[in-house]
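Trainee: These protein sequences, in sequence, are chains A and B.
Heads up, the first sequence is in our numbering, so the first residue is 54 and it goes up one at a time.
Heads up, the second sequence is in our numbering, so the first residue is 54 and it goes up one at a time.
Mixed in with the good hints, there may be bad ones.
If several chains are the same, the list does not tell them apart, and a pair holds so long as it fits within one copy or across any two.
[Stated by the list, open to error] List time: in silico EDC-like cross-link candidates among lysine to aspartate or glutamate, alpha-carbon distance up to 20 Å:
1) Lys97 to Asp165
2) Lys79 to Asp57
3) Lys79 to Asp311
4) Lys185 to Glu245
5) Lys270 to Asp253
Everything labelled a hint here was simulated from the structure, so no lab data went into it.
Number of protein chains: 2
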Amino acid sequence: MNKDDVKKMSPNEFRQLARTGEWSTKTAGLCPGYVQSNLAVVPKEYAFDFFLFCYRNWQACSLIDVTEPGDPHPKLVAPEADLRTDLPRYRVFKDGELIDQPTDVTEYWRDDMVAFLIGCSWGFEGAMKAAKVQFRTLGDFTTNIPLVPAGPFSGYMAVSMRLFKSSHDAVRAVQISSRYTPEHGAPVYIGEPEDIGITDIYNADLYPHENVHPREKNEIAMFWGCGITPQLTAINAKLPIMLSHLGGHMLITDKLADELAVL
Amino acid sequence: MNKDDVKKMSPNEFRQLARTGEWSTKTAGLCPGYVQSNLAVVPKEYAFDFFLFCYRNWQACSLIDVTEPGDPHPKLVAPEADLRTDLPRYRVFKDGELIDQPTDVTEYWRDDMVAFLIGCSWGFEGAMKAAKVQFRTLGDFTTNIPLVPAGPFSGYMAVSMRLFKSSHDAVRAVQISSRYTPEHGAPVYIGEPEDIGITDIYNADLYPHENVHPREKNEIAMFWGCGITPQLTAINAKLPIMLSHLGGHMLITDKLADELAVL
């Protein structure tokens, strides 16, 4: 399948490809303008605490949809999608251990599964590019920023890092991303990476970018909450079972980022 | 207790008055600038579905805090407050029937109680006044706007209604209220009251205002989601027990409306 052909597809057309296994790689750049979603699926027994955790740590865990127990269809953002099949690749955890990375989680789905869909920063990145904001993305990192606990869930925030050419670009990025509250909203930190526990900006531990050229002296570093956070938290809590997407292999929803933006 | 003396108090000082029963009337105008909160308390058994309901109907049920089961302290917005005693007056429902309107719900509190705190439009009203937006409030009404169901919770939205002198005032009101996403955010409807099932604007069925003078020909009507909505929904679901505030007898939090605003 040629990536340029896929790029022109509607979200529903693309999800058919993922459903049949014809597309099992990353989704970056596909269906431009549409919100892509991180996924964390937990049993109903843990769903209230997990909901509370996401709510209390909104900038990392900003929700775009939450399903009723057992329902694999995200009614708010993609009612025709099937969360068991429509992501290109999944990760399955038992007791906090990775046991499988399938292209379909139908065999692991249960009647008590609740899916949490978490927005992705690609939405506000598109808006920043449209506004000619000059920036580059260095990937996703773990930090030492503590999260507000809820029930068995706690830990440290994952962030995405971007470098900006000028103060003007950085200010515009704060303004623009603030509108996208379902996709992490405003930055959580402006300053030096080492202040929040990031030691090597050229090798992102969660989602590295390739061929990163050295940071220039006047580039301003800003950090946004990252949708991998709830997944990491659920893994750390060693739930008996938890389903998620493989990094970068997202659900493509029917909602445009601008449809969900505030103001 | 003189209202002018009380107005100058800090939220914590005021809550002491409510706690001891020295203040058991409405809270409108007290502690200006601080977010006042609607309350709905449900047993843990229903908490996930109720959380989902609030999330799916955010403009009516915008949350400013949710507590862990049994914890009477809203840690995010007023950690020193006690939700069992610090509202001036409560309503207690069993199986959907009102059984008590006490100034203290300690005797009804249980280890599995989860409190949902819902922001109040007085926050964006203050910001509108500060910006010299000309408007008047006609009270809170039931409508025929259907809510998105979740579990046993469904129904119709309650709204607050305001009239604006000019298009300019109406536009500014949309802009300003949009910033206050934890306090209902932007309007849900612009247009004629009868379009959404409101038949008598001078006698609000949920929270009437007194001495309302007739609507002028060019006044623009706008409607915002109202924090009574989740309480009404929980009553309709006939939960075995549900605690809430009496209309207008709110929790005063430690958060300024401008602290919680976006952008």
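Trainee: A separate judgement is required for each hint: does it hold in the structure or not?
Mentor: Results for each hint:
In the homo-oligomer, the alpha carbons of Lys97 and Asp165 lie at most 20 Å apart both inside one protomer (5 Å) and across protomers (17 Å), since each shortest distance falls under that limit. With identical chains, the CA atoms of Lys79 and Asp57 are at most 20 Å apart within one copy only, with a shortest distance of 14 Å there and 62 Å across copies. In the homo-oligomer, the alpha carbons of Lys79 and Asp311 never lie at most 20 Å apart, since the shortest distance is 22 Å inside one protomer and 40 Å across protomers. With identical chains, the CA atoms of Lys185 and Glu245 are never at most 20 Å apart, being 24 Å at best within one copy and 41 Å at best between copies.
In this assembly of identical chains, the alpha carbons of Lys270 and Asp253 lie at most 20 Å apart only when taken from the same copy (16 Å versus 65 Å across copies).
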